[in-house]
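Asker: The lines below spell out each chain.
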Amino acid sequence: MSLKAENISKRYGSGLLREGKCIFREVSFELEPGKTFGLMGPSGEGKSTLGRIIAGLESPTDGAVLLNGNPLSGMKKAEYAAFRHRVQMMFQDPTDSFNPRKRIEHSISEVLKLLNNQETKRLQITKEMLKTIGLPEEVLARYPAQLSGGQLQRLALGRILLLEPEYIVLDEPTSALDVSVQAQILHLLKKVQEEQGIGYLLISHDEAVIRFMSERIGMLKKGKLDMIRT
Amino acid sequence: MMQKEIYIQESPRQWKDFIAHYLNLDIRKYEKAFKKFNRGGLFLFFFFLILALFPSLFAPYPPTERFVSYEPPSVAHLLGTNDIGNDILSELVYGARISMMVGFASACISTLIGLMIGLCSGYFRGTMDELLMGFTDVVLIIPKIPLIIIIGAFLHPSIWTLILVLGLLSWESIARVVRSKTLQIREAGYVKSAQCMGFSSFHIMASDIFPNLIHVLLPKFMLATASAMISEASLSFLGLGDINMKSWGIMLSFAFSRGGFIRDMWWWYIPPGVCITLCVMSIALIGFGFEGKDENGKRGVDAE
Chain A
3 MSLKAENISK RYGSGLLREG KCIFREVSFE LEPGKTFGLM GPSGEGKSTL
53 GRIIAGLESP TDGAVLLNGN PLSGMKKAEY AAFRHRVQMM FQDPTDSFNP
103 RKRIEHSISE VLKLLNNQET KRLQITKEML KTIGLPEEVL ARYPAQLSGG
153 QLQRLALGRI LLLEPEYIVL DEPTSALDVS VQAQILHLLK KVQEEQGIGY
203 LLISHDEAVI RFMSERIGML KKGKLDMIRT
Chain B
-8 MMQKEIYIQE SPRQWKDFIA HYLNLDIRKY EKAFKKFNRG GLFLFFFFLI
42 LALFPSLFAP YPPTERFVSY EPPSVAHLLG TNDIGNDILS ELVYGARISM
92 MVGFASACIS TLIGLMIGLC SGYFRGTMDE LLMGFTDVVL IIPKIPLIII
142 IGAFLHPSIW TLILVLGLLS WESIARVVRS KTLQIREAGY VKSAQCMGFS
192 SFHIMASDIF PNLIHVLLPK FMLATASAMI SEASLSFLGL GDINMKSWGI
242 MLSFAFSRGG FIRDMWWWYI PPGVCITLCV MSIALIGFGF EGKDENGKRG
292 VDAE
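Which chain is which? The protein sequence lines are A and B, in order. What the first sequence shows, in this note's numbering, is residues 3 to 232, in sequence order. What the second sequence shows, in this note's numbering, is residues -8 to 295, in sequence order.
Some clues are possibly wrong.
[Stated by the list, open to error] The calculated lysine to aspartate or glutamate pairs, modelled on DMTMM-like cross-linking and capped at a C-alpha distance of 20 Å, are:
id: 1; chain 1: A; residue 1: Lys6; chain 2: A; residue 2: Asp64
id: 2; chain 1: A; residue 1: Lys37; chain 2: A; residue 2: Asp228
id: 3; chain 1: A; residue 1: Lys104; chain 2: B; residue 2: Glu178
id: 4; chain 1: A; residue 1: Lys224; chain 2: A; residue 2: Glu209
id: 5; chain 1: B; residue 1: Lys183; chain 2: A; residue 2: Glu174
id: 6; chain 1: A; residue 1: Lys223; chain 2: A; residue 2: Glu166
id: 7; chain 1: B; residue 1: Lys183; chain 2: A; residue 2: Asp228
id: 8; chain 1: B; residue 1: Lys183; chain 2: A; residue 2: Glu166
What the hints contain is simulated information worked out from the structure, not anything from laboratory work.
Please work from the sequences and hints to get the whole structure.
Answerer: Here it is as structure tokens:
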């Protein structure tokens, strides 16, 4: 399965008469399974917007995101539902990625319910997931506010992995964490990638993180994507 | 002396520890929640709630029993009797139920409508938002009391029509507050990731957004109750209430039309007025108590 961005442009604030501001223009790249595409660039250049477009949370002004050659915008409901599970997104702020009113257990079992898992199986799947991300079972009974940023980011990754995605858009997954925790999360991401062959789109302004993680690197600057490492 | 003081300081913690340990009931958890309320308001409110729930315990006579009319306060009738000889204290006690029922029922209706409209327009945005908010603005500028008087004149006067009309016309401010809060929450990471994982919009609204709205919805609900009670009183005073179900407003209306004011029978018109004021004040105080404090019990600016 391939995920491809083809000539994507995005404008903000355009209306009938106004042109709007162009964030980036005709950006094309392809994600490969099991490999990481690193996206760098100064802030305000639309890196996160590009990530959200790839994840299908926003639609581009021009161009298309292609899944196996099918554009996202023209998908039927069933196809789109399948896409929704295949491409996931992980966000910058780990404290924000779980509902503060729910215990972690609840947030995770909701996802398992969505996947129509039997109740007896759910606990087992959750335990396996916790083993993969390296957290004890006690975290399940906690509220998000009672866990650290690193723990929450691991759980966010774990919850995404339950859906068995083929691609994950990582929107600055480590920039809200301190350096030692950053390294742990990056190693975990690499381990998961090797085990499950997931393709990453890694968005970061930290060049060291990008160089450590990525096979190919692109730089989004002044509305254009330049390939740095191919 | 020293020891005694220490003992006094220690003792409340000890019995709470004791209960927590032996009865598996940690009072301290509820204490924190209790601090969110305004206690004076809560006390008054429970007083009226008990009056409303068990009127027969407090009223000396059934509200329809007749005695000599226009009697001043005496030992037999603490607040005297009215024009048809009903005991005013009993009427007052039984009126609590009707006034509070109108207030709460119409607040329920308006909160429900406001919640739905606010959630939908805040979550879906776009055309839906503009249509719903346009409609809300239209409802907002309609003068309520004249409209209710017109509707009341055409419909059969009963408390159910009153509840319905008050509920259907007072949801706009709730809808606006819910919308603005929803707009804020929908940008949060957990809503975005729920969208990304393919949860339905209904599921996201019900399980991710709604629980985070409760702390703005509760004070709004309380204030809606208070304002519905005031509207009920003023409408009943204007003669649009249900005569078979005597609320405080209807008592005032009768005191006015049957000569209570002219004869200067203060025991007829002051008690219902005081009851309305105190009851509305208690509910509003509870609402303010909720409003001023955020989840952590601190005074927050964000509370709208």
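Asker: Against each hint, give a clear statement of whether it holds in the structure.
Answerer: Evaluation of the provided hints:
1. A:Lys6 / A:Asp64: holds, 14 Å
2. A:Lys37 / A:Asp228: holds, 19 Å
3. A:Lys104 / B:Glu178: Measuring from Cα to Cα gives roughly 18 Å; hence the hint holds.
4. A:Lys224 / A:Glu209: holds, 18 Å
5. B:Lys183 / A:Glu174: Holds: Lys183 of chain B and Glu174 of chain A sit about 15 Å apart, inside 20 Å.
6. A:Lys223 / A:Glu166: Not satisfied, since the Cα-Cα distance of roughly 33 Å exceeds 20 Å.
7. B:Lys183 / A:Asp228: Since the Cα atoms of Lys183 of chain B and Asp228 of chain A sit roughly 29 Å apart, the hinted pair is violated (cutoff 20 Å).
8. B:Lys183 / A:Glu166: holds, 18 Å
Hint violations for this structure: numbers 6 and 7, all remaining hints satisfied.
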